[in-house]
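With the hints as extra help, turn the sequences into a complete structure.
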Amino acid sequence: MDDLEKRILKEVAELDSLPVGAFNIRNNGASEARNSTANIDIESREDGQGINIYVKDGTKNESCHIPVIISKSGHKETVYNEFFIGEDCDVTIVAGCGISNCGGHDSQHDGVHSFHVGKNSRVKYIEKHYGEGTGTGKRFMNPTTEVELLEGSTMDMDTSQIAGINDTHRVTKATIGPGATLLLHDKILTNLDQTASAEMIISLDGEDSKCDIVSRGVAKDDSMQDVIIDISGNNKCSGHAECDSIIMDHGVIVATPKLKATNVDASLIHEAAIGKIAGEQITKLMTLGLTEQQAEQKIIEGFLR
Amino acid sequence: MLELQNICFHADDKDILKNINLKIDDKFVAITGPNGSGKSTLLKIIMGIITPTSGRIIFDGEDITDLPINERANRGMSFAFQTPVRFKGIRVRDILSIAEGKPVKMGTFLRAVGLCPKDYLDREINDTLSGGELKRIEIATAAARGGKLSLFDEPEAGIDLWSFQNLIQVFENLRDVTNGNIMIISHQERILEIADKIIYLKDGEVDRYDDSAKIMEELNMTHHRNRKGCLIAGAEGVHCNG
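So the sequence lines, in the order shown, correspond to chains A and B.
Position 252 of the first sequence, counted from 1, bears residue number 252 in this note's numbering, the numbering being contiguous throughout.
Position 139 of the second sequence, counted from 1, bears residue number 139 in this note's numbering, the numbering being contiguous throughout.
FYI, nobody ran anything at the bench for these hints, they're computed from the structure.
Every residue gets a Cβ at the ideal spot worked out from N, C-alpha and C, and that includes glycine.
Every clue listed holds true.
Straight-line alpha carbon distances no greater than 25 Å define the calculated DSS-like cross-link-like pairs of lysine-lysine that follow:
| id | chain 1 | residue 1 | chain 2 | residue 2 |
| --- | --- | --- | --- | --- |
| 1 | B | K88 | A | K187 |
| 2 | A | K276 | B | K88 |
| 3 | B | K44 | A | K276 |
| 4 | B | K88 | A | K220 |
| 5 | A | K128 | B | K88 |
| 6 | B | K88 | A | K124 |
Distance ranges between label pairs, derived from CB positions:
| id | chain 1 | residue 1 | chain 2 | residue 2 | range |
| --- | --- | --- | --- | --- | --- |
| 7 | B | P34 | A | E301 | 35 to 45 Å |
| 8 | B | G36 | A | G275 | 24 to 34 Å |
| 9 | A | A272 | B | K118 | 28 to 38 Å |
| 10 | A | D249 | B | G36 | 36 to 46 Å |
| 11 | B | E189 | A | D158 | 44 to 54 Å |
| 12 | A | L4 | B | K27 | 50 to 60 Å |
| 13 | B | P68 | A | K260 | 45 to 55 Å |
| 14 | A | A261 | B | E189 | 48 to 58 Å |
Now the structure itself:
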């Protein structure tokens, strides 16, 4: 792995060296390094297009890193990663993809992640997407995340796309079982003429299932974002979604809430707000010595934390 | 230290401030007067949040009339808003750290306004905080910023009676420990009486500007200034383990 690739790895997975625990580092379509542990087993799929990750029942306080790096201009791939989390686990999974494209060809990573989370397990999932490069070739990422939460389980997802992706279509689909909870915090920042669309489709199927979705977007320059949050309450359940966006310059944001209740005991709430940075926020930070540009930067950093 | 020369502010066909001329050197100056007399406008003009229609502002011998807010902040001014601003995602810890420049004494300033640091440092400055909590954080932020001139726009507004005593003490302490000067808009006798001087604004003009005791007497307010030997900010305040 060269210096550029190491830097991208740091950007998407905050790794300076090989992580502790299970990991699989994918670099330009090939597995660069892999480690399974006694409790977390990583295997290549038979079709060669991804990995299966098996987490044994009762695995606690362990982590699994599966970052993806693309530094070869024109590299395009679709990768399928499937996670089988046993019962009574408590694990952290760090995914993410970084594309550096200094060439003239488009690079693209479409990652399809499927999670089967066993009873009473807890999964913390962190996913960062990042792009850079001075070439004319574009950088595309289309992540799909499918989540199945069994009884009493919790998935806490923290997903973000902070910079450098020309176009993305992000899909998250989840079915929530009895007493299970999905927490999803999604952040997108677009600038220049980038476009991003996100769909979060949640089915609260089990009794006492819950979801709390927070989507935050910042669209700068001439960029455009389109966010759909779609929650179905099919049992006694509670669902909350908050879709907050900041537009700057000529940015465009479309936020579409959709709630569907098929059970009289389903309680669903959706809040959505779009606006520019409040002038009073900038004024306040300027009274603390920041310039207008520094104040805007602080406000966006906080908003997308 | 601060001189206002012929400050006028005209908006919506009204003269909000009419030819204000003031020389302010005292350590603790309170601005009071009826609603609509132009108090907040005057304070915001000093900080640069509002641009006066005419007139000049001299701070430490320098004409700062055309300087933006942040340049005035960097010359030693700070400002606590009457209605604190909310921020999604920015935590109490972040704002205190920006204010202070380096995060060394954040806890002290929170304790001084009656908030336990361990309960508040990591909270976001958003709608989950009550109006009173936001107000205290606003005061702590201005106190953390410190500097040559701290401006407070009605700090008592939104603070419950139970906490009011504590707030008075915060300002007594600030007066005693700060090297800088304080200007504060207030309607509260307890705050007015700890001031060195009072500016009484009426209909956009300086109606009176004199020693606190004299003005309070003229306004038929009780003055019992004998409160000396206050505690250092933070030594008193909230009791907690944070």
